[in-house]
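Residue numbers (the numbering used here), protein chains in the order written: chain A, 1 to 324; chain B, 325 to 826.
You may find that some hints are simply not true.
Unchecked claim - Each pair of labels, with its calculated beta carbon distance range:
{"id": "1", "chain 1": "B", "residue 1": "Val513", "chain 2": "A", "residue 2": "Pro183", "range": "27 to 35 Å"}
{"id": "2", "chain 1": "B", "residue 1": "Gln331", "chain 2": "A", "residue 2": "Ala279", "range": "55 to 63 Å"}
{"id": "3", "chain 1": "A", "residue 1": "Arg91", "chain 2": "B", "residue 2": "Pro455", "range": "47 to 55 Å"}
{"id": "4", "chain 1": "A", "residue 1": "Ala288", "chain 2": "B", "residue 2": "Gln713", "range": "56 to 64 Å"}
{"id": "5", "chain 1": "B", "residue 1": "Leu326", "chain 2": "A", "residue 2": "Pro183", "range": "49 to 57 Å"}
{"id": "6", "chain 1": "B", "residue 1": "Gly511", "chain 2": "A", "residue 2": "Lys75", "range": "51 to 59 Å"}
{"id": "7", "chain 1": "B", "residue 1": "Val513", "chain 2": "A", "residue 2": "Asn301", "range": "44 to 52 Å"}
{"id": "8", "chain 1": "B", "residue 1": "Val792", "chain 2": "A", "residue 2": "Lys287", "range": "33 to 41 Å"}
{"id": "9", "chain 1": "A", "residue 1": "Ser292", "chain 2": "B", "residue 2": "Gln331", "range": "21 to 29 Å"}
{"id": "10", "chain 1": "A", "residue 1": "Met115", "chain 2": "B", "residue 2": "Val745", "range": "50 to 58 Å"}
{"id": "11", "chain 1": "A", "residue 1": "Glu146", "chain 2": "B", "residue 2": "Leu785", "range": "28 to 36 Å"}
Stated by the list, open to error - Reference excerpt, derived from the structure (chain A facing chain B, CB under 10 Å, subset only):
{"id": "12", "residue": "Arg93"}
{"id": "13", "residue": "Gly189"}
{"id": "14", "residue": "Ser217"}
It should be emphasised that the hints constitute simulated quantities derived from the structure, not laboratory data. Since we're looking at a predicted model, the values are computed, not measured. Every residue, glycine too, gets a C-beta built ideally from N, C-alpha and C.
One letter stands for each residue in the lines below.
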Amino acid sequence: MSHKPSSRVAVKKVVGPMFLVALLLLACSEPASYPEKDITVVIPFNSGGAFDAYVRALAPGLQKHLPNSINVLPKNLPGAGGRRGASDIYRARPDGYTIGIFNMPGVLIPQLQGMKIGYELSKVTWLGTLGYDSYVFVVKGDSPHESIDDLKELGRNVTYGATGPGSTSYIATNIVNETLGIPFDIITGYKGSSDYLLGLIRGDFDAAMINFSTARSYLESGDIKALAVFGTDSNDPQVADAGDLGAPELANIRVVRMMGAPPDLPEDIKTMLEEALLAAMEDAEFKAWLESTGNEAHSANAAETAAAVLEMTEFYDQFRQLLD
Amino acid sequence: MLDLLLQAAAGLLSPGTLIFLFAGVLVGLVFGVIPGLGGTTALALLLPLTYGMEVTHAFAMAGGIMGAIAMGGSISAILLNAPGTGPSAATCIDGHPLAKQGRAADAIGAVATASPLGGLFGVLTLLLVLPVARDIVLLFGPPEFFLVAVFGIVTVAISSAKNLLRGLVAGGIGLMLSFVGYDTVHGGVRYTFGSDYLWDGIPLIPSLVGLFGMAEMIRLSIEGGTVAADAKTVKLDGVWSGVRATLRHWKVVIRGSIIGTLIGAIPGVGGTVATFIAYSTTKKADRDPDSFGTGRIEGIIAPESANNAKDSGALLPTLAFGIPGSAEMAVFLGILMLHGMQPGPAIFADHQDKIYGLILALTLSAVLASFIGITFVRWLAAITLIKGQILAPVVIAVSLVGVYAINLTPGDVVLAAVIGVLGYLMLRFDYPRLPLVIALILGETAERGFQQSMMIGNGDLSIFVHSVTSIILVVLIFLSLSWSFVPMLRKKFAASIAGEVP
Numbered sequence: 001m002s003h004k005p006s007s008r009v010a011v012k013k014v015v016g017p018m019f020l021v022a023l024l025l026l027a028c029s030e031p032a033s034y035p036e037k038d039i040t041v042v043i044p045f046n047s048g049g050a051f052d053a054y055v056r057a058l059a060p061g062l063q064k065h066l067p068n069s070i071n072v073l074p075k076n077l078p079g080a081g082g083r084r085g086a087s088d089i090y091r092a093r094p095d096g097y098t099i100g101i102f103n104m105p106g107v108l109i110p111q112l113q114g115m116k117i118g119y120e121l122s123k124v125t126w127l128g129t130l131g132y133d134s135y136v137f138v139v140k141g142d143s144p145h146e147s148i149d150d151l152k153e154l155g156r157n158v159t160y161g162a163t164g165p166g167s168t169s170y171i172a173t174n175i176v177n178e179t180l181g182i183p184f185d186i187i188t189g190y191k192g193s194s195d196y197l198l199g200l201i202r203g204d205f206d207a208a209m210i211n212f213s214t215a216r217s218y219l220e221s222g223d224i225k226a227l228a229v230f231g232t233d234s235n236d237p238q239v240a241d242a243g244d245l246g247a248p249e250l251a252n253i254r255v256v257r258m259m260g261a262p263p264d265l266p267e268d269i270k271t272m273l274e275e276a277l278l279a280a281m282e283d284a285e286f287k288a289w290l291e292s293t294g295n296e297a298h299s300a301n302a303a304e305t306a307a308a309v310l311e312m313t314e315f316y317d318q319f320r321q322l323l324d
Numbered sequence: 325m326l327d328l329l330l331q332a333a334a335g336l337l338s339p340g341t342l343i344f345l346f347a348g349v350l351v352g353l354v355f356g357v358i359p360g361l362g363g364t365t366a367l368a369l370l371l372p373l374t375y376g377m378e379v380t381h382a383f384a385m386a387g388g389i390m391g392a393i394a395m396g397g398s399i400s401a402i403l404l405n406a407p408g409t410g411p412s413a414a415t416c417i418d419g420h421p422l423a424k425q426g427r428a429a430d431a432i433g434a435v436a437t438a439s440p441l442g443g444l445f446g447v448l449t450l451l452l453v454l455p456v457a458r459d460i461v462l463l464f465g466p467p468e469f470f471l472v473a474v475f476g477i478v479t480v481a482i483s484s485a486k487n488l489l490r491g492l493v494a495g496g497i498g499l500m501l502s503f504v505g506y507d508t509v510h511g512g513v514r515y516t517f518g519s520d521y522l523w524d525g526i527p528l529i530p531s532l533v534g535l536f537g538m539a540e541m542i543r544l545s546i547e548g549g550t551v552a553a554d555a556k557t558v559k560l561d562g563v564w565s566g567v568r569a570t571l572r573h574w575k576v577v578i579r580g581s582i583i584g585t586l587i588g589a590i591p592g593v594g595g596t597v598a599t600f601i602a603y604s605t606t607k608k609a610d611r612d613p614d615s616f617g618t619g620r621i622e623g624i625i626a627p628e629s630a631n632n633a634k635d636s637g638a639l640l641p642t643l644a645f646g647i648p649g650s651a652e653m654a655v656f657l658g659i660l661m662l663h664g665m666q667p668g669p670a671i672f673a674d675h676q677d678k679i680y681g682l683i684l685a686l687t688l689s690a691v692l693a694s695f696i697g698i699t700f701v702r703w704l705a706a707i708t709l710i711k712g713q714i715l716a717p718v719v720i721a722v723s724l725v726g727v728y729a730i731n732l733t734p735g736d737v738v739l740a741a742v743i744g745v746l747g748y749l750m751l752r753f754d755y756p757r758l759p760l761v762i763a764l765i766l767g768e769t770a771e772r773g774f775q776q777s778m779m780i781g782n783g784d785l786s787i788f789v790h791s792v793t794s795i796i797l798v799v800l801i802f803l804s805l806s807w808s809f810v811p812m813l814r815k816k817f818a819a820s821i822a823g824e825v826p
């Protein structure tokens with residue numbers, strides 16, 4: 001680096017415009033060459049949970065269906081019930097290198113409650129839906145109650161277990177009981193679905209709303225018994241679904257795993273990610289993983305996902321008075 | 325069962341699997357030594373790597389990590405008074421004074437003997453109680469959680485009997501800190517000052533790093549010198565005397581192991597409580613409890629045997645119901661899910677071979693980690709001879725990076741630093757830090773357990789004597805409370821007799 005001053009000026013004169021040209025070229029060629037570097041997928045929970053497992057099982061397929069052999073890197077950002085991860089995705093640069101998974105309605109409820117959250121779900125660039133997890137109305141395996149009507153006839157408030165107020169399980173329990181007209185009390189404070197599941201088996205309370213993927217193996221083992229499934233349709237004809245209960249709107253009571261990117265993501269990048277996502281969900285390996293872990297695939301494209309977000313917002317907005 | 329065990333052993337002892345086990349042991353030791361990083365972080369970071377691995381290999385590696393963490397964590401607890409992991413914090417109390425006296429090698433020798441013995445004891449107990457695992461787990465509900473938490477707090481409060489008032493002040497601060505954040509029972513947010521970071525409460529690991537490690541490094545920087553008070557007294561070859569001491573105190577080992585297994589089996593209470601209760605109980609049972617904290621080898625043996633025994637206990641809820649008994653087990657279940665196995669009540673029935681493989685890997689790993697510890701004890705103990713102005717910046721930097729790595733949260737780093745100053749002030753003005761830690765851990769469990777019990781029992785206090793388990797716990801609490809008054813009453817009694825004589 002021992003240029004004389006004069007030659008340094010000369011170098012500057014040449015390098016400056018060249019740099020500009022290179023920059024322009026880069027800017028123009030960006031859409032065509034996306035992705036140029038690794039893509040981070042934010043998971044708003046610790047590793048070890050269902051959201052984490054979904055993303056990690058999907059990442060190899062996503063990588064395969066994107067050009068330029070870049071890596072898709074899952075990144076766990078746990079905290080504040082998933083809100084930290086959501087606001088992190090929301091605030092990221094809309095360049096397609098940061099996307100993430102959203103826990104719905106977990107991150108929607110604080111928004112409806114008017115909390116200071118750092119994101120606005122209607123502005124997120126939605127890419128697709130990985131799956132639904134319907135809520136199941138369960139009682140202990142050896143419970144004498146065979147239907148929701150049996151519970152109504154107890155002559156006292158039915159007790160339920162749930163995580164904290166504001167959590168999906170708490171809101172779901174409220175909505176279901178209000179809609180079906182069951183008098184109820186909720187024992188709050190359980191640390192998660194497996195915690196209140198154990199509480200139910202132990203006999204701390206009468207019943208609980210629990211997501212199907214957690215409940216499934218306990219239903220099979222007979223530790224717990226389903227009285228209703230709030231999916232669009234119940235696979236088991238013995239178990240009532242939302243329609244059978246005369247309240248089809250309860251089909252909205254479910255956890256949805258949605259993929260999204262920061263607001264204002266360029267359209268071409270969005271399409272690319274959406275297509276890769278849909279293709280990855282069709283991969284044989286991912287399907288085999290879903291099968292063996294008992295998760296069901298319900299994929300949806302970007303437009304359907306954005307519409308579902310609006311629909312969910314409307315649904316939960318009706319129960320505003322329950323959210324505060 | 326035996327044939328399955330042998331089958332699992334054969335699977336584990338293949339060269340490929342052993343390499344992964346050994347790799348796990350090394351990772352576990354390193355993550356254990358670095359304050360802040362522990363088993364949960366190591367497993368969480370490893371989880372994605374196992375995706376392409378064979379299941380047996382993944383389990384061997386996970387078992388290797390989980391078995392070796394304790395040894396690593398206790399090495400930094402002894403040498404630097406900076407517990408590498410939560411459960412190792414109890415080892416600081418007598419381990420670090422030993423290091424100051426130049427007997428770090430003795431202390432590490434004791435750890436290297438007590439932790440695999442505790443691990444073995446835990447595994448044997450686990451195998452014995454497996455048939456009734458479900459019943460044991462169902463014995464504990466919200467009322468019992470509340471009582472266990474109270475028992476823990478009471479035990480520790482009493483163990484600081486020498487300066488009871490200061491112990492209570494520290495415990496009170498700990499309880500207040502434990503109430504920060506989102507109240508999962510009633511849904512309110514307390515003492516967060518609008519900060520999103522504090523919403524999840526005061527996290528334990530950054531607090532421990534601050535309270536012990538940072539505080540100790542601040543002290544070392546201010547006072548100067550080396551960890552060992554006098555370089556001439558440092559014995560680098562004391563490891564065998566530590567080993568012998570542990571074998572001589574076999575009763576302490578067994579007591580510690582029982583406590584570790586029992587408390588490990590209660591989901592959500594955690595290893596840190598297990599080791600602290602093992603320590604406090606041993607201290608109370610001793611003829612000379614006041615000498616604890618000055619470098620009693622039993623003060624290391626008890627928590628260390630509990631430290632490895634608790635892993636087996638934590639497996640109990642997992643095997644019985646597919647529900648994690650500790651944070652490590654939660655990540656471990658995540659590894660299962662990643663490999664296409666659904667954790668659930670049938671987990672043990674469906675995957676017996678793999679579970680036995682994991683149990684064997686845990687045991688083998690604790691033994692391997694001990695051998696590595698004993699082999700390197702000379703070089704490790706030499707750390708106590710390094711000058712403070714070199715040691716402190718390195719330890720502080722490594723600790724803070726470790727704290728940041730847990731959740732990639734800058735707030736954790738700030739918290740560790742703030743609590744570090746608090747810890748130094750407590751050290752400087754002679755306030756015990758133990759009650760603060762226990763209250764911080766158990767405050768939330770106690771509050772939640774109480775509120776839930778009240779909701780379940782419709783506000784009737786009789787729910788706390790509703791089951792045999794809860795009655796036993798109530799009796800234990802009263803016993804340990806009255807125990808501390810025995811010497812006081814004896815003194816009074818003696819005085820009154822002496823007063824009557826003339």
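Going down the list of hints, with the structure as the test:
1. Val513/B to Pro183/A: 27 to 35 Å: Holds: the Cβ-Cβ distance is about 29 Å, inside 27 to 35 Å.
2. Gln331/B to Ala279/A: 55 to 63 Å: Distance hint for Gln331/B, Ala279/A is violated at roughly 41 Å.
3. Arg91/A to Pro455/B: 47 to 55 Å: 53 Å, holds
4. Ala288/A to Gln713/B: 56 to 64 Å: 58 Å, holds
5. Leu326/B to Pro183/A: 49 to 57 Å: With Cβ atoms ~54 Å apart, the hint holds.
6. Gly511/B to Lys75/A: 51 to 59 Å: 29 Å, violated
7. Val513/B to Asn301/A: 44 to 52 Å: 37 Å, violated
8. Val792/B to Lys287/A: 33 to 41 Å: 49 Å, violated
9. Ser292/A to Gln331/B: 21 to 29 Å: 23 Å, holds
10. Met115/A to Val745/B: 50 to 58 Å: Violated - the Cβ-Cβ distance for Met115/A and Val745/B, about 32 Å, lies outside 50 to 58 Å.
11. Glu146/A to Leu785/B: 28 to 36 Å: Roughly 35 Å apart at Cβ, these two residues keep to the hinted range, so it holds.
12. Arg93: 18 Å, violated
13. Gly189: This interface hint holds because 4 Å falls under the 10 Å limit.
14. Ser217: 3 Å, holds
Of the numbered hints stated above, those contradicted by the structure are hints 2, 6, 7, 8, 10, 12, listed in ascending order.
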